[in-house]
Amino acid sequence: MVDEGTRQTLSKIPLLKTKAGPRDKELWVQRLKEEYQSLIKYVQNNKEADNDWFRLESNKEGTKWFGKCWYIHDLLKYEFDVEFDIPVTYPTTAPEIALPELDGKTAKMYRGGKICLSDHFKPLWARNVPKFGISHAMALGLGPWLAVEIPDLIAKGVISYKEKTG
Amino acid sequence: MADWEEVKRLAADFQKVQLTSTTQKLSERNCIEIVSWLIDRKMVDLIFTSDGKEYLTPTQLINEIKGELYDQGGRINLVELAKNIGVDLAHINAHLNEVLKGQKDIQHVLGQLIDHSYISRVAGEINEKLQQQGQISIGDLTIHYDLPAEFLQQIVDKNLGKVVFGKQDKNDPRIYYTESFIARTKAKIRGALAGLTRPTPVASILNQVDVNEKMFFSLFDQTCMYGTLTSRLPGAQYIPNVYARSQNEWVSNFYRQNGYLEYDALNRLGITDYKQYIKKQLVNEELHYLSSCIISKSILERVQADIDECIASKSYTDLQSNLPSVFNEKDIEMILNAALTNQQRQQILVIESYVISKAFVEKLADSCDELVKANAKATVESGKYQEYQISLHSSHLRSQKSDDADDKVDKREERRKKAASGKSGGGTQGRETKTRSTKKFNRGGNKNIAETDDDDDVQVKKMVLEVVAADEVRDSIQPLLEEESLDDLLEPLTAHLFPKLNEKGLEAAASIYVATVADRTANRRQTHNELQNKLNALIGDVRLFEKGTKLLPQDVQTQLVKYLLKSLCTDIVNEVLNYIAAEQNLGTKAETLNNDQKLKFVNELPSEFKTPLVQLVKSLSGQSIDDFMTTVEEALIPCSMILKKIDKKKDRTVVLNHKHQLLEQLNKCEDVALALHLATLAIFTTATHCMLHASGRHVTAILAFLKQYLTEEQANELTSYHDFVTLMLSGGSEVENAKEKLKEKLPVIKSIANEFKKAGSEK
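Just so you know, the protein sequences line up as chains A and B, in that order.
Number 81 in the UniProt record's numbering belongs to position 81 of the first sequence; there are no gaps in the numbering.
Number 29 in the UniProt record's numbering belongs to position 29 of the second sequence; there are no gaps in the numbering.
Keep in mind the hints are simulated off the structure, nothing from the lab.
As the structure is a prediction and not an experimental result, all values here were calculated from the model.
From the three backbone atoms N, C-alpha and C, an ideal C-beta is built for every residue, glycine too.
There could be a bad hint or two in this list.
[Unchecked claim] Just some of the chain A residues that point at chain B, by a computed CB distance under 7 Å: (1) V29; (2) L32; (3) K33; (4) Y36; (5) I40; (6) V43; (7) R55; (8) H73; (9) L76.
[Claimed, not checked] Keeping only pairs whose Cα atoms sit at most 27 Å apart, straight-line, the calculated DSS-like set for lysine-lysine is: (10) B:K8 / A:K60; (11) B:K8 / A:K25; (12) A:K19 / B:K8; (13) A:K68 / B:K16; (14) B:K8 / A:K68; (15) B:K384 / B:K534.
Make a model of the complete structure from these sequences and hints.
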């Protein structure tokens, strides 16, 4: 299952109500609003806890999302681009978050830089449709993945610290 | 499309949220780290709370302490304070001084902070209490307030007269009273004491009036004029003056009347320190202190008078009955000690409570005199005394041997006693005496002496021969005592008299013994002389008889020698043996022994007698008179007797005497056979001027020998007479006839013998 810290974070993220995908015109809007509210809350929480670790923005329709995420290791900040689409079957299907920079650098990744999520994630998500949204996917999926993989990759020397560009 | 607008707005919001700089929040850990780093560097001065989550500045702490103190009403425990503020106790202690410095009215007492308001409140409370109870002690307050006594004392002292209205006890500064309380207590005590008429323990008074002990003692002097206290201790007694007065009166009256005063009686009256009391009470009296009472001089004088009278009247007096009955034996003893002068002491004997004049005792002793003398005599005669002397002597000798170092005569006696009491014991004799006398002692009921004396003494006493038995003494004085109804004194008097009488008996025995011994030695010397003479005479006879014998033919000679040895010589030996037996203190009578027994007896004699006597006895059964004579001479040497030298003149007179004797006997003789025998011997003596010792059997042989000296006629007369004698002695039918004949011829024979003498002398 998920570790204690994650669980706590998760509990503070507001759950969603509307079950609607991008194709459901009116309801998607509704859903999108809830997604945003949830995200805002999550980010706020993170900032309060001094635990801000990503930036996200979406296209106008809210079907494509992109931004940056970072992980601080040994007082060095490793920053990666992050992007994902909202699947048609969303929210039944979880979004597939991808870190294109790291494509081919680790085994725990699908083609195109999509991260390999833990076994627990999918059933958990499935159980919580439609209550979970993008913010949950970030918290449950990408967060733990980074925490596990990045120190490993750094140790292997696969990635190295680059002086921050921006 | 309002919804999309809204989405846009939300998206914008989202961006905005994301772009707002993250609040640079430090985690708790970091904060702690930073703060402790700062504290380490002494850059800030902070105090941790005990849970570690908060910090205080010292000023804040001081403020909080003051606040808490106020909250708690002016008194707070430091531990409690620490708990309430949530700071470690150490910090409180560290900053306590600052608090105290800052405010003068706060005090730190026994781990507690107390401020002025609290103190004044306490003072108020104390006053209230004092007014209520009348008295208050700091001790009680300490318990009540749980504050140190000194501190409370300080409070009370400071506020005395201001807030606390009362009086401090002078004896005990820790106790405070109100005036009214003291007055009340005094009244109570006075009431109680005034009501008492008997000595009462203070404790019970206190119980009654419900006043505490200290108070009582401190107020006693101020209140009471009616009596005294025996002491200032809790166990003291209160004695009312009324009581003391009547007590004194009783004591002096009793003493005046009776002349004595018992300690017990004083004790009953509650006077425990009676000696002191008596000294105080009976100042001008002449007192004698005894073990259970005191007596006046008059009683003493009375006793002296009694004793004087007793001595004068040569009787006795029983002090127990003459004195008041309260005196015990010890008292009487003490009275006697005080009353008796030395001179009197010599004249009386004190047994229990009886005073007995020596004269009376003498009288008793005299009554036993007879007994003593009789017993002494019996003792000497029975030989016990001699045994006793021997055992004494032997132990004496032993002691001399055991201690040769110094032989001072005066110490000898002592040493003898020592040796006698020693473990070695006496010889056979000594031991016999000892056991016998022990038995007698026990039977004599003389246990008083035996028990009271030491072992040594007992041993010595046992050695002393008991001439008089204690029983006998008792029996002889009993009637006298019963007459005087002094039965009680029988035992002690017996005990007193017995050793003296015994001593007397021993002396008597000694004198009797000396007398008998003197007698006996005189006797012995005489008998010795007599015996010597007798033996000399006998031996002379033997010698002469032998001489006569030698005249006869050889065969007759041996027979005569044998006869001589059997008769006269045996007599001699018997005399000698008897003498020796007497010398050796043996009761043997030699006459009763045959030769073998004699030998046996002789063999048991000491060696000085043994050898010559054995020879002597053996010579009796020999054949030779010569042998006998030599052995006799030897045998007489150890008997310290001497044989006189042979005196021919004397021999002749002896022979003549012998002849005259024979003739005299013959003339008196009526027995026909004996007449012939005597006549024959007389004729022989006259004829040969030699004596002959022969029996009737030898008459025939002698007659045959005599024929040469006789005339025909005489010879015929004698032979016929002899024939008739043999006829008579042989018995048979003609005995009567022969007797007749012999009687007829008897004068003839006598005349022949007498005439022959004449004829012989004519020759």
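A quick look at each hint next to the structure:
{"no.": "1", "hint": "V29", "result": "4 Å, holds"}
{"no.": "2", "hint": "L32", "result": "5 Å, holds"}
{"no.": "3", "hint": "K33", "result": "6 Å, holds"}
{"no.": "4", "hint": "Y36", "result": "4 Å, holds"}
{"no.": "5", "hint": "I40", "result": "5 Å, holds"}
{"no.": "6", "hint": "V43", "result": "5 Å, holds"}
{"no.": "7", "hint": "R55", "result": "5 Å, holds"}
{"no.": "8", "hint": "H73", "result": "17 Å, violated"}
{"no.": "9", "hint": "L76", "result": "18 Å, violated"}
{"no.": "10", "hint": "B:K8 / A:K60", "result": "8 Å, holds"}
{"no.": "11", "hint": "B:K8 / A:K25", "result": "15 Å, holds"}
{"no.": "12", "hint": "A:K19 / B:K8", "result": "20 Å, holds"}
{"no.": "13", "hint": "A:K68 / B:K16", "result": "15 Å, holds"}
{"no.": "14", "hint": "B:K8 / A:K68", "result": "20 Å, holds"}
{"no.": "15", "hint": "B:K384 / B:K534", "result": "35 Å, violated"}
Hint check: violations occur at hints 8, 9 and 15; the rest are consistent with the structure.
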